[in-house]
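J.: What follows is the residue order along each chain.
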Amino acid sequence: MREEFPILQREINGYPLVYFDNAATTQKPSVVIDAMNDYYSNSNANVHRAVHTLAGEATEGYESCRRELKSRFNATRAIITSGTTEAINLVAHAWGRANLVDGDAIILTEMEHHSDIVPWQMLAQEMNIELRYVPVQKDLTLDMELFEAAIKGAKLVCVVHISNVLGVCNPVERIVKISKQNGAKVLLDAAQSAPHQDIDFGELGADFMAFSAHKMCGPTGIGALLVTDDAFSEMQPFMGGGDMIETVSIHGSTYQKNEQKFEAGTPRIAEAIGWTEALKWLNDVDIKSEHKRILDSARWLAKELRELGMTVYGRHDENDAAVVSFLHPTMNSEDLAHLLDARGFAVRTGHHCAQPLLDRLEITGTVRVSLYFYNTHDEVVSFVDYFKEILERFA
Amino acid sequence: MTYSEELTELIEEFQEIDDKMERLEMVFDLADEVNLLPIDQWTDATRVNGCQSEAHVKVEIIDSNVRFYSGADSKLVQGLMGILTMAIDNGDANVVLTLTPDFATEMGILNSLSPSRSNGFRNMFDKVMNEIKTQM
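As you go down the protein sequences, you meet chains W and A in turn.
Using our numbering, the first residue of the first sequence is number 1, and each one after it goes up by one.
Using our numbering, the first residue of the second sequence is number 1, and each one after it goes up by one.
Hints listed in this document are in silico derivations from the structure and should not be mistaken for laboratory results.
Any given hint could turn out to be false.
As the list claims (entries may be wrong) - Derived contacts from chain W toward chain A, CB cut-off under 10 angstroms, selection only:
no.: 1; residue: 13
no.: 2; residue: 339
no.: 3; residue: 390
no.: 4; residue: 393
Claimed, not checked - Covered stretches of chain A (chain W as the covering partner; in silico rule of three or more C-beta atoms under 8 angstroms from a C-beta of chain W):
no.: 5; region: 13–25
no.: 6; region: 69–76
Said to hold, decoys possible - Label-pair distances were calculated between CB atoms; the ranges are:
no.: 7; chain 1: A; residue 1: 136; chain 2: W; residue 2: 376; range: 54 to 62 angstroms
no.: 8; chain 1: W; residue 1: 11; chain 2: A; residue 2: 39; range: 36 to 44 angstroms
no.: 9; chain 1: W; residue 1: 376; chain 2: A; residue 2: 22; range: 21 to 29 angstroms
no.: 10; chain 1: W; residue 1: 391; chain 2: A; residue 2: 19; range: 15 to 23 angstroms
no.: 11; chain 1: W; residue 1: 384; chain 2: A; residue 2: 43; range: 34 to 42 angstroms
C-beta: ideal position from N, C-alpha, C; glycine also.
Chain W with its partners taken away, still in its complex shape (with noise of 0.2 angstroms):
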């Protein structure tokens, strides 16, 4: 797999090239690449309106990803967005807006990622809607017993699927039942889960969900928001231009019917070629054991972290991602990244954009090693071997 990405054989200063920061986005294939630059070599027009070859091979392309989509997570409804910040953004100001009324309540997690608090502070903001948020007990779960008080007569539920810091899979399909019982809309953030696990949406039962291409091998700037039937009738546009709608006259407008009516302007029609390759891409690979494999390396390397006197932030439970935050008692986590990154270790650190779970936590921050598909345990080996080295001359 690793000779597919052209990226995996650079050196950084000297060294093989190591990269563990999937979480905050993932290499590319060759078969990406490939097809982006083969799209502005020969393909490159706008879509949907004109009736020339390259406008056919452009809406092709683009349409291409949406199927493509649907048929992955089984869905009826996939709105292109420039990803998961996006895609929530727009169930704030397209579903939000339509059908939350003043009083009315959101729950949210402590786990979440800003992209799913920004909105709905802002939101709340605007239209006096309650915030209720879910903690996160020590054991780094849900407090479920607390969602389960908050749920009563909220309107919708916001929870992410796959904690960007700590790795941990919340229970979404209980979250969902628990919900729907009560009357409430979900919507999913799958930015971490999607590129890790297969995810049926039409059988979870979700009515939103929101991700991103460039975690799962696709391009920066393009994700989605999977919408069911049901919520998408009631959403309203929100950004109003080209290609959303279906006339236009001095009087007013009238819009899309499909998807294309939250998709504003012109799209982005080679991220979404190449994001087809990406998923095409994916479709080969046997996710379930890939991930396993992975995170057997991940649980490895949060034993030998621990042992080494780290605090290690994860539980790695069996759908949990291969991801291993941690912190060094005393060294500043960001001279530890610059010391692993002269060895060609590309680590994040910091707050990974969610600072209500670290205020939970009672930190600042940590460091991340996220591992993705084409990582291997040799890597994993090389990093501890090189760690030692690091405490030993630095600690």
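Model the placement of chain A on the given structure of chain W, informed by the hints.
T.: For chain A alone, kept in the frame of chain W given last:
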């Protein structure tokens, strides 16, 4: 521009090192060169803004000479402060004010750091120079 003998030697020493790890190790070692500004003296006024770490600096001018105190929660950042200490501490304020951050570029240390860290160094440098100007 002309640097002090000590700073010239330091620049040459850094230039001789190709390995990034060794260069970082040298910066770490220079963390001990600071006149330490204790944590209990860290205030909003001493904070270097735009630095991802907690980095604090304080300048005094005594008989036209610069006295530079600093401290950070990152040893790497404090190492950069150590380099600035070697460049300006006990120097004549008028001479110090002619210094530009180019010496750090010549050392190659800014290339070894993330953009946020190298921006942090420039912010620290600017803050120190502004404080010297204010006190003169």
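J.: It remains to establish, for every hint, whether it holds in the given structure.
T.: Consistency of the hints with the structure:
| no. | hint | in the structure |
| --- | --- | --- |
| 1 | 13 | holds (5 angstroms) |
| 2 | 339 | holds (6 angstroms) |
| 3 | 390 | holds (9 angstroms) |
| 4 | 393 | holds (7 angstroms) |
| 5 | 13–25 | holds (count 5) |
| 6 | 69–76 | holds (count 4) |
| 7 | 136(A) <-> 376(W): 54 to 62 angstroms | holds (59 angstroms) |
| 8 | 11(W) <-> 39(A): 36 to 44 angstroms | holds (40 angstroms) |
| 9 | 376(W) <-> 22(A): 21 to 29 angstroms | holds (28 angstroms) |
| 10 | 391(W) <-> 19(A): 15 to 23 angstroms | holds (19 angstroms) |
| 11 | 384(W) <-> 43(A): 34 to 42 angstroms | holds (41 angstroms) |
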